[in-house]
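> Each chain is listed here by its residues.
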Amino acid sequence: MEQASAGAYPYVIEMLHITKEFPGIKANDDITLQLKRGEIHALLGENGAGKSTLMSVLFGLYQPEQGEIRKDGKVVRIKDPNDATALNIGMVHQHFKLIEVFSVLDNIILGAEDTKLGFLQKKEARKKVKALSEKYGLRIDMDAKVEDITVGMQQRVEILKMLYRDNDILIFDEPTAVLTPQEIEELMQIMRNLKAEGKSILFISHKLNEIMEVSDRVTVLRKGRCVGTVDTSSTTKEKLSEMMVGRPVQLVVEKGEAHPSDVVLKIEGLSVPSKIHKNDAVRNVSLEVRKGEIVCIAGIDGNGQTEFVHALTGLEKASAGRITLCGKDITHASIRKRSLTGMSHIPEDRHKHGMVLDFTLEQNLVLQRYFEPQFQNHGFIKFNAVREYADKLIERFDVRSGQGPVTKARSMSGGNQQKAIVARELDRNMPLVVAVQPTRGLDVGAIEYIHSQLVAQRDEGKAVLLVSLELEEVMNLSDRILVMYEGEIVGELDPKKTTTQELGLYMAGAKRQDKEAKAE
Amino acid sequence: MKTRSFFNKDGTKSVLSTLISILIGLIAGALIILIVGLVDDKLGLKEAWKGIRLIFFGLFSKGQQAGRLVFGFNSTNIGDMLFRAVPIIMTGLSVSLAYKTGLFNIGASGQYLAGTTAALFIALKMNTAVVAPWIVWILAFFGGMLAGAFWGAIPGMLKAFLNINEVLACIMTNWLAANIVTWVFEGSGLQCTEGTKTQVIWKTSHNGVATAKMGLDKLFPESQQVDGGIIVVILIAILIYILLTKTTLGFELKACGANRHSARYAGIKDKRSIVLSMAIAGALAGAGAALYYLSGSTEFHWQTYLSLPGEGFTGIAVALLGACNPIANIFTGMFLSTLDVAGSKLSFFTEYNEYITDVIIAVIVYLSAFSLLIKTWLTKKFKKSDDGFRKIPDVAYTSKSGQGDKLPNAAAAGKEGNA
Chain A
1042 MEQASAGAYP YVIEMLHITK EFPGIKANDD ITLQLKRGEI HALLGENGAG KSTLMSVLFG
1102 LYQPEQGEIR KDGKVVRIKD PNDATALNIG MVHQHFKLIE VFSVLDNIIL GAEDTKLGFL
1162 QKKEARKKVK ALSEKYGLRI DMDAKVEDIT VGMQQRVEIL KMLYRDNDIL IFDEPTAVLT
1222 PQEIEELMQI MRNLKAEGKS ILFISHKLNE IMEVSDRVTV LRKGRCVGTV DTSSTTKEKL
1282 SEMMVGRPVQ LVVEKGEAHP SDVVLKIEGL SVPSKIHKND AVRNVSLEVR KGEIVCIAGI
1342 DGNGQTEFVH ALTGLEKASA GRITLCGKDI THASIRKRSL TGMSHIPEDR HKHGMVLDFT
1402 LEQNLVLQRY FEPQFQNHGF IKFNAVREYA DKLIERFDVR SGQGPVTKAR SMSGGNQQKA
1462 IVARELDRNM PLVVAVQPTR GLDVGAIEYI HSQLVAQRDE GKAVLLVSLE LEEVMNLSDR
1522 ILVMYEGEIV GELDPKKTTT QELGLYMAGA KRQDKEAKAE
Chain B
123 MKTRSFFNKD GTKSVLSTLI SILIGLIAGA LIILIVGLVD DKLGLKEAWK GIRLIFFGLF
183 SKGQQAGRLV FGFNSTNIGD MLFRAVPIIM TGLSVSLAYK TGLFNIGASG QYLAGTTAAL
243 FIALKMNTAV VAPWIVWILA FFGGMLAGAF WGAIPGMLKA FLNINEVLAC IMTNWLAANI
303 VTWVFEGSGL QCTEGTKTQV IWKTSHNGVA TAKMGLDKLF PESQQVDGGI IVVILIAILI
363 YILLTKTTLG FELKACGANR HSARYAGIKD KRSIVLSMAI AGALAGAGAA LYYLSGSTEF
423 HWQTYLSLPG EGFTGIAVAL LGACNPIANI FTGMFLSTLD VAGSKLSFFT EYNEYITDVI
483 IAVIVYLSAF SLLIKTWLTK KFKKSDDGFR KIPDVAYTSK SGQGDKLPNA AAAGKEGNA
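These protein sequences, in sequence, are chains A and B.
Read left to right, the first sequence gives residues 1042 to 1561 (this note's numbering).
Read left to right, the second sequence gives residues 123 to 541 (this note's numbering).
Calculated from the structure, these hints are not laboratory results.
Note that the structure is predicted; figures quoted are calculated from it, not measured.
Treat each hint with caution, since some may be false.
What the hints assert, rightly or not - Mimicking DSSO-like on lysine-lysine, the simulated pairs with C-alpha atoms at most 27 Å apart in a straight line are:
(1) B:131 <-> A:1449
(2) A:1449 <-> B:368
(3) B:131 <-> A:1067
(4) A:1316 <-> B:391
(5) A:1307 <-> A:1538
(6) A:1168 <-> A:1138
(7) B:135 <-> A:1449
(8) A:1369 <-> B:393
(9) B:368 <-> A:1423
(10) A:1423 <-> B:131
(11) A:1248 <-> A:1278
(12) A:1332 <-> A:1358
(13) B:502 <-> A:1120
(14) B:340 <-> B:184
(15) B:368 <-> A:1378
(16) A:1296 <-> A:1307
Stated by the list, open to error - Which stretches of chain A does chain B cover? Using the computed rule of at least three CB atoms under 8 Å from a CB of chain B, they are:
(17) 1367 to 1377
(18) 1395 to 1402
(19) 1407 to 1415
The C-beta atom is built at its ideal place from N, Cα and C for all residues, glycine as well.
Go ahead and model the full structure; you've got the sequences and the hints to work with.
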């Protein structure tokens, strides 16, 4: 490629034939990614497809074995993140890197402070931030502490951080994972504004809707290889997902009518104290889940869902209320007792609760059943039985790992860790399945699989209680939606009759049904 | 290719890295002896050479003839070595078991003292004219074990219920034990009054209680000390190995140690597991003390135990050096007691101070903490010569990305390769 003058050269960043190997695997195999000046370029791929590795290479965290990076047509070497910053590359991480007790302004200038004789010059900074926020429509409150502002505003602070440093290549790592529908809408607009001002954006995502809506071009990665780069206007969601997974994918869960019958789980007046503040995190929640239905608790993160599930599964103590499972009162039962009474639990945090990361895959697969006579004899583990069982589950649920049953769980990809947990929990064949964000951070292929498994459970006559933050998942999968806001159930909706917008209003607390209406 | 895969085995690398630590420690000891020898007028090069040989082969020293060291099989040394290994293998097992279940038992000293007190008290206070001495021995042994278990369970409970760091609690229970021992034996009537001795408790043989020799006195006829204790220790080590690797209880304890939250999620009683781990660890240390003092030939100087017994801390060295593997602990314990014997030979046959062996042990323990580093180095070394093989320990793999979710999916690539 001929070297052109910086202004005329169409590509602001080029990553050419990047190959990055890890022990036993090529994470990036001859990947080429060209980012045009002033475009929004989406990077799409399953977990483990190599998106993060590629971005880490661009950010100087990894050195590629082969290939080169060019900025404005000139070959550059990025040895560490400082080099990347010097090249005006900025990144909004999936988990924000903000200091909670600092003000918004302080967070923005942190690391790039103007000083005079060792004293901070905040006045100038304040002016610059104000100008930037007006220019791009990034509403912020500069003097608020980060801990007091919404997640959406925190993200805007992160974006302003990049702009304050005059970055013109912006990387967004799964930026919508933590936002409400309204906030996502706003982010999309911000990205368009940034583009209009000539910034170039790399947008990592596996949410097809967003990619279709906002991006100009899409580069799809699969298993470390580049499948291709396409113009967004000339493709469809179906085509993209097929490129990503390598086969046609069912984007909408196929499911028939629900035929709810007997009540499996009955919760009456459940309250759970908060660990953070003095009020209850969950307040007087009553609900029922029947055989053969998927009931979904929707809500924005942090509205009491976690505490609710913890109280239900026994990880935390409830302060009031009654829980009845399969006709038995389990309000004060131990965790093991609850699980044996008939509860499977796919936990929210797969690393904290779902797996013992330093155990092997097979040990994790029997984590809930190692004490059953099938796997032990007078307290001695039957290793052959465990191995056989693990092999069976790995085969049936297509759990992929480096060394099969003896792989350390830590070294597996997130999607396969989750598959292993789902395999373990669903194979226990319990009447109630509590699934908390079962598809968080997973790609379409894995989501499709887990969704179909949950529907299959429903059709087998299990009661499924799903807790999810993903609107699409809530709308697609559930037979009934309960919206939780500030620890209370504020509405019961029928997914067939409601819209995403209406659901969003309930989730944001702007709308609520009164108790009588809910009881119908 | 075959030798290479042998060297690439994880176990082989662990053993090799331990052996390298030991070798470097011994060389460091030899260097110190050399330097001290050259600096000190009394010693000199000839004495230093003697010292170095004793450090390496002290166990096989047969004394001196005409100022020259003679080496060969010495049943006294080997028997003594085995006897001295008994308590430190046990405290080593104590530390190892706690470590494998996610706890750092720095309280082995206190548990050891608790075991000492209970075992001696039972062995000396029970009337052997009424109860057969072997029954008293068994009661004393289990008494020591229980006392240790109780003493270990205290920091366990503090950790489980109040979330107090076990290291802090262990340090406090250590000193509590040291003072309680003094209080118990003060005026207990168990002080030995032979000759000019003060502050010494009667040997248990005074009451006719002593560990059976189990034929070891025939094997090592000249050793006064060796007895069946070492056989009991080896059996216990094997039991602990089985407990940790083969049983559901071990599975629970390890799960709880590796991730208390997910263990709890899976219905394992996390609090019970933590207390139990510490109690078993304490029982092992207590049993070690019981075996040592019930041999019948050892004296307990209680006044000096206002400071803590070294066995508890040597146990940490035994455990670390053996990568906290109960079977490996048998060997590392014996190795450290070999150094102990070598140290006494050193002070006997040369002008050197026997505490040089402590320096060597210190160097080895430091290095064994670096054993992971040595292991990684070994991995690299064998990788270089064989491009087809690539294996880096999990640690190196995860530390960089930090996020489990983002790890490259090795299997996905593997599957595609097959297809």
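> Give a verdict on every hint.
Here is how each hint holds up against the structure:
Of the supplied pair hints, the one linking residue 131 of chain B and residue 1449 of chain A holds, its CA atoms being roughly 16 Å apart against a limit of 27 Å. A distance of roughly 18 Å separates the Cα atoms of residue 1449 of chain A and residue 368 of chain B; the hinted pair therefore holds under the 27 Å criterion. Restraint check for residue 131 of chain B and residue 1067 of chain A: satisfied, since their Cα atoms lie roughly 24 Å apart, inside the 27 Å limit. Simply put, residue 1316 of chain A and residue 391 of chain B have alpha-carbon atoms about 22 Å apart, close enough for the 27 Å limit, and the pair holds.
Between residue 1307 of chain A and residue 1538 of chain A the CA atoms are separated by roughly 25 Å; this keeps the pair inside 27 Å, and the hint holds. Distance check on the hinted pair: residue 1168 of chain A and residue 1138 of chain A sit about 23 Å apart at the alpha-carbon level, within 27 Å; holds. Distance restraint check for residue 135 of chain B and residue 1449 of chain A: the Cα-Cα separation of roughly 18 Å lies within the 27 Å cut-off, and the hinted pair is therefore satisfied. Between residue 1369 of chain A and residue 393 of chain B the alpha-carbon distance is near 26 Å, which keeps this suggested pair within the 27 Å criterion.
As the CA atoms of residue 368 of chain B and residue 1423 of chain A are separated by approximately 8 Å, the hinted pair is consistent with the 27 Å bound. A hinted pair counts as satisfied when its Cα atoms are at most 27 Å apart, and residue 1423 of chain A with residue 131 of chain B qualifies at roughly 24 Å. With a C-alpha separation of about 10 Å, the suggested pair residue 1248 of chain A and residue 1278 of chain A falls inside the 27 Å cut-off, and the hint holds. For the proposed pair residue 1332 of chain A and residue 1358 of chain A, the alpha carbon gap of about 26 Å is at most 27 Å, so the pair holds.
Restraint check for residue 502 of chain B and residue 1120 of chain A: the C-alpha separation of about 23 Å stays at or below 27 Å, so the hint holds. Between residue 340 of chain B and residue 184 of chain B, the direct Cα distance comes to roughly 19 Å. Compliance with the 27 Å bound is thereby established for this hinted pair. Pair hint residue 368 of chain B plus residue 1378 of chain A holds up; C-alpha atoms about 25 Å apart against a cutoff of 27 Å. Under the criterion of a C-alpha separation no larger than 27 Å, the hint pairing residue 1296 of chain A with residue 1307 of chain A is consistent with the structure, at around 25 Å.
Figure legend: the stretch 1367 to 1377 of chain A, annotated as covered by chain B; annotation consistent (3 residues with Cβ-Cβ distances under 8 Å, at least 3 required). For the stretch 1395 to 1402 of chain A, the stated coverage by chain B holds: 6 residues have a C-beta nearer than 8 Å to a C-beta of that chain, and at least 3 were required. Evaluation of the coverage hint for the stretch 1407 to 1415 of chain A: fulfilled, as 4 residues show C-beta separations to chain B shorter than 8 Å, against a requirement of three.
No hint from the list above goes unmet by this structure.
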